[in-house]
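Visitor: In order, the protein sequence lines correspond to chains A and B.
The first sequence runs contiguously to residue 422 in my numbering.
The second sequence runs contiguously to residue 398 in my numbering.
Hints are supplied without guarantee of correctness; some may be wrong.
Quick list of simulated restraints, FRET-style, between CB atoms [as the list claims (entries may be wrong)]:
1. A:320 x B:246: 40 to 46 Å
2. A:94 x B:372: 31 to 37 Å
3. A:107 x B:263: 52 to 58 Å
Calculated cross-link-like contacts (lysine-lysine; reagent style DSSO-like; alpha-carbon spacing at most 30 Å) [said to hold, decoys possible]:
4. B:111 x B:141
5. A:106 x A:123
6. B:141 x A:351
7. B:141 x B:114
8. B:246 x A:123
9. A:138 x A:123
10. A:351 x B:333
11. A:138 x B:246
12. B:326 x A:351
Hint data in this document are derived by calculation from the structure and do not stem from the laboratory.
Beta carbons: idealized from backbone N, C-alpha and C, even for Gly.
Next come the chains, spelled out residue by residue.
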Amino acid sequence: MTGKAQTSPPSRKGRSSPRGGQSGPAAGPLDIDHLLGDRTTEIIVCCGSGGVGKTTTAAALALRAAEQGRKVCVLTIDPARRLAQAMGLTELDNTPRPVKDIGAEGGSLDAMMLDMKRTFDEVVEAHATPEKAQQILANPFYVALSSSFAGTQEYMAMEKLGQLHAQAGQIVQDSDLKGTAGAPTAKAWDLIVVDTPPSRSALDFLDAPDRLSSMLDGRFIKLLLAPAKGPARLLSAGFGIVTSALNKILGAQVLTDMQTFVAAFDTLFGGFRQRAESTYALLQAEGTAFIVVAAPEPAAMREASYFVERLAGEGMPLAGLVINRVHENGADGITASDAESATRKLGDGTATDQITADLLTIHAERMRVAAREARLKRRFSAAHSGVATVSVAALAGDVHDLDGLRQIGGLLAGEA
Amino acid sequence: MALSTQLHVVTGKGGTGKTTVAAALAMSLAGKGKKVLLCEVEGRQGIAQLFDVPPLPYEERKIAVGRGGGEVFALAIDPEAALLEYLSMYYRLGRAGKALDRFGIIDFATTIAPGVRDVLLTGKVYEAARRRDDNGFTYDAVIMDAPPTGRITRFLNVNSEVAGLAKVGPIRRQADSIMQMMRSPETHVHLVTVLEEMPVQETIDGIAELQSARLPVGQVILNLVRPSLLAVGTREALEAGSLGPAKVAKSLAKASLDGAAASALIAGGSAHLERQRLQAGQREILEDCGRPLVELPLLSDGIDLGALFDLAERLGGPE
Numbered sequence: 007m008t009g010k011a012q013t014s015p016p017s018r019k020g021r022s023s024p025r026g027g028q029s030g031p032a033a034g035p036l037d038i039d040h041l042l043g044d045r046t047t048e049i050i051v052c053c054g055s056g057g058v059g060k061t062t063t064a065a066a067l068a069l070r071a072a073e074q075g076r077k078v079c080v081l082t083i084d085p086a087r088r089l090a091q092a093m094g095l096t097e098l099d100n101t102p103r104p105v106k107d108i109g110a111e112g113g114s115l116d117a118m119m120l121d122m123k124r125t126f127d128e129v130v131e132a133h134a135t136p137e138k139a140q141q142i143l144a145n146p147f148y149v150a151l152s153s154s155f156a157g158t159q160e161y162m163a164m165e166k167l168g169q170l171h172a173q174a175g176q177i178v179q180d181s182d183l184k185g186t187a188g189a190p191t192a193k194a195w196d197l198i199v200v201d202t203p204p205s206r207s208a209l210d211f212l213d214a215p216d217r218l219s220s221m222l223d224g225r226f227i228k229l230l231l232a233p234a235k236g237p238a239r240l241l242s243a244g245f246g247i248v249t250s251a252l253n254k255i256l257g258a259q260v261l262t263d264m265q266t267f268v269a270a271f272d273t274l275f276g277g278f279r280q281r282a283e284s285t286y287a288l289l290q291a292e293g294t295a296f297i298v299v300a301a302p303e304p305a306a307m308r309e310a311s312y313f314v315e316r317l318a319g320e321g322m323p324l325a326g327l328v329i330n331r332v333h334e335n336g337a338d339g340i341t342a343s344d345a346e347s348a349t350r351k352l353g354d355g356t357a358t359d360q361i362t363a364d365l366l367t368i369h370a371e372r373m374r375v376a377a378r379e380a381r382l383k384r385r386f387s388a389a390h391s392g393v394a395t396v397s398v399a400a401l402a403g404d405v406h407d408l409d410g411l412r413q414i415g416g417l418l419a420g421e422a
Numbered sequence: 080m081a082l083s084t085q086l087h088v089v090t091g092k093g094g095t096g097k098t099t100v101a102a103a104l105a106m107s108l109a110g111k112g113k114k115v116l117l118c119e120v121e122g123r124q125g126i127a128q129l130f131d132v133p134p135l136p137y138e139e140r141k142i143a144v145g146r147g148g149g150e151v152f153a154l155a156i157d158p159e160a161a162l163l164e165y166l167s168m169y170y171r172l173g174r175a176g177k178a179l180d181r182f183g184i185i186d187f188a189t190t191i192a193p194g195v196r197d198v199l200l201t202g203k204v205y206e207a208a209r210r211r212d213d214n215g216f217t218y219d220a221v222i223m224d225a226p227p228t229g230r231i232t233r234f235l236n237v238n239s240e241v242a243g244l245a246k247v248g249p250i251r252r253q254a255d256s257i258m259q260m261m262r263s264p265e266t267h268v269h270l271v272t273v274l275e276e277m278p279v280q281e282t283i284d285g286i287a288e289l290q291s292a293r294l295p296v297g298q299v300i301l302n303l304v305r306p307s308l309l310a311v312g313t314r315e316a317l318e319a320g321s322l323g324p325a326k327v328a329k330s331l332a333k334a335s336l337d338g339a340a341a342s343a344l345i346a347g348g349s350a351h352l353e354r355q356r357l358q359a360g361q362r363e364i365l366e367d368c369g370r371p372l373v374e375l376p377l378l379s380d381g382i383d384l385g386a387l388f389d390l391a392e393r394l395g396g397p398e
């Protein structure tokens, strides 16, 4: 990152970007190469419901950008094993590692996979005294919170994005000072591509900063902290009832553990909130582009609609919608019903006739699927006419190597 | 004697159709005259959409009937409502319950405090699965449209996490008996997958995780399987690459179709064959997973109530 985002106020005007808004005139296709080539695009966030190909889309975008000269870091959440191997993600050390032999014209690709527990531990270690850090890391509430509870992955994905962004800006600024900008050893990124966790709701990660803040500001936390902080006058008349109810339900030892945890964590809270808020601001910033990923299925398209509306509501910059695994019409000019009636005619003919009948059956099936998918797409664009969209044709096989990612990248960019 | 009724937990990677399979399983059991409760826990209202009924409240509501007097009830479990219900049921916390709400604890517990949500969701399922009326268990089976495979073990096991935190007290006792039910022979965790590499890998990992947490794995349901549309002759011709566009064009002409489409048709056939090959490869991998496999076809017209009956028939219902 160039660091200009910190020094100059973001300006919304004068940007001939492909980023469509929620409303407005009908948007054309999503111009991926324009988005990747635009040097002011610093962060791309891929979001959508589970199983729609978010990770593959993120990796394909990152690879394409690197091969077009961008210095890219891609943060993946849970890549398929073979895809992870293809990107060299064999060492799980929670740090971006260069993908070998990738990049052109000064471009490069670093990739990492999120380790949520480790990210959380590192935050604690970085912001607490060693003694206090040990105390926190050993607390049973912390162990449960950091390793196994739902929601933590979303918090940590956003935490890591904030870290990567800060890291990218930091290194460039340092090397600028030394006048060695662009030195091959400088580990700088000018584009971060983020995959998002497969949440129960695809929107959980957007709520993460807010939920964290509301937890920290919550009356309950204050209540738990109150005894540790002292004067009983802080406590309202309800406190006795509440603690005795909690003791009754949870058992006293749980409350004690929780209090110890909250008290130990207290010093970290301010920092957590600040970073959560600045990550949230980063997501809203000029240099960020959200790409909603979907598949042409009713549930996934419904989630995509919901997501588009939510992003607009939060003032998050939406670049557009990617619809993966779309079935295109194969042989133009033959309708499904023509194919079906021809199948009946040819069924009793020569060997080649029978083969042709089989091929027509497949064609008719495909046409029906394509028609259903087209209906879903039309329904979406009727409701969200301002959202630029690109469809990625279904491939016969899975994507698990760099060539496969390149192929997806090409399809994303509208190459035939 | 069983402490709870049959509990079917249906999980699967996102996009594999676990809600559809859970609903089809409910219809299948109702078709055998059973009274079934179908629950969802993720607030997506997927059941209401499938059955084309208004959004479900936090209330058990009849949504379909099967042959032979079977019935499907549905319930969307909402953690906040579950917590208030739980507090009033087990603790009779009248005034204190209100105080909890005033202090933001209800909100804290259901939205912010990690894990509590899952405790409440599994707790409600536990309550429904153990509920009795005069003739025994209220439901013959409870079916849960559960969180995805990547989260399922953690979700079902959340009560053992709680048991690790709360060493004594009523929460601990409740957590212990929920875990006991989850591990009992009455519970079956079914995994839904499609025949693609990543979901299949996740299914195999999921089975291993469930087993190491001592959670009983039921069937593996292969969903959205594309039927082979190719006769042997066609397959062999495509495999051998002996199919020339000119020959196909000639056949097309006999049916008064444009011969120009021949190459695209052959390409479509080859892609179909390739997908069949990949599907077969993934099926072979799953055949070694040690669990019974059930196959459901891809229905090209999408899923509606009629399709659910169709799938229910094919599912047959586990014993």
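Visitor: With reference to the structure, classify each hint as holding or not holding.
Guide: Going down the list of hints, with the structure as the test:
1. A:320 x B:246: 40 to 46 Å: 42 Å, holds
2. A:94 x B:372: 31 to 37 Å: 35 Å, holds
3. A:107 x B:263: 52 to 58 Å: 54 Å Cβ-Cβ, so the 52 to 58 Å window holds.
4. B:111 x B:141: OK: residue 111 of chain B and residue 141 of chain B at ~17 Å, within 30 Å.
5. A:106 x A:123: Given that 30 Å is the threshold and the Cα spacing comes to 27 Å, the pair holds.
6. B:141 x A:351: 48 Å, violated
7. B:141 x B:114: 10 Å, holds
8. B:246 x A:123: 24 Å, holds
9. A:138 x A:123: 18 Å, holds
10. A:351 x B:333: 9 Å, holds
11. A:138 x B:246: 24 Å, holds
12. B:326 x A:351: The given pair, whose Cα atoms are some 16 Å apart, holds under the 30 Å limit.
Against the hints set out earlier in the document, a violation occurs for number 6 only.
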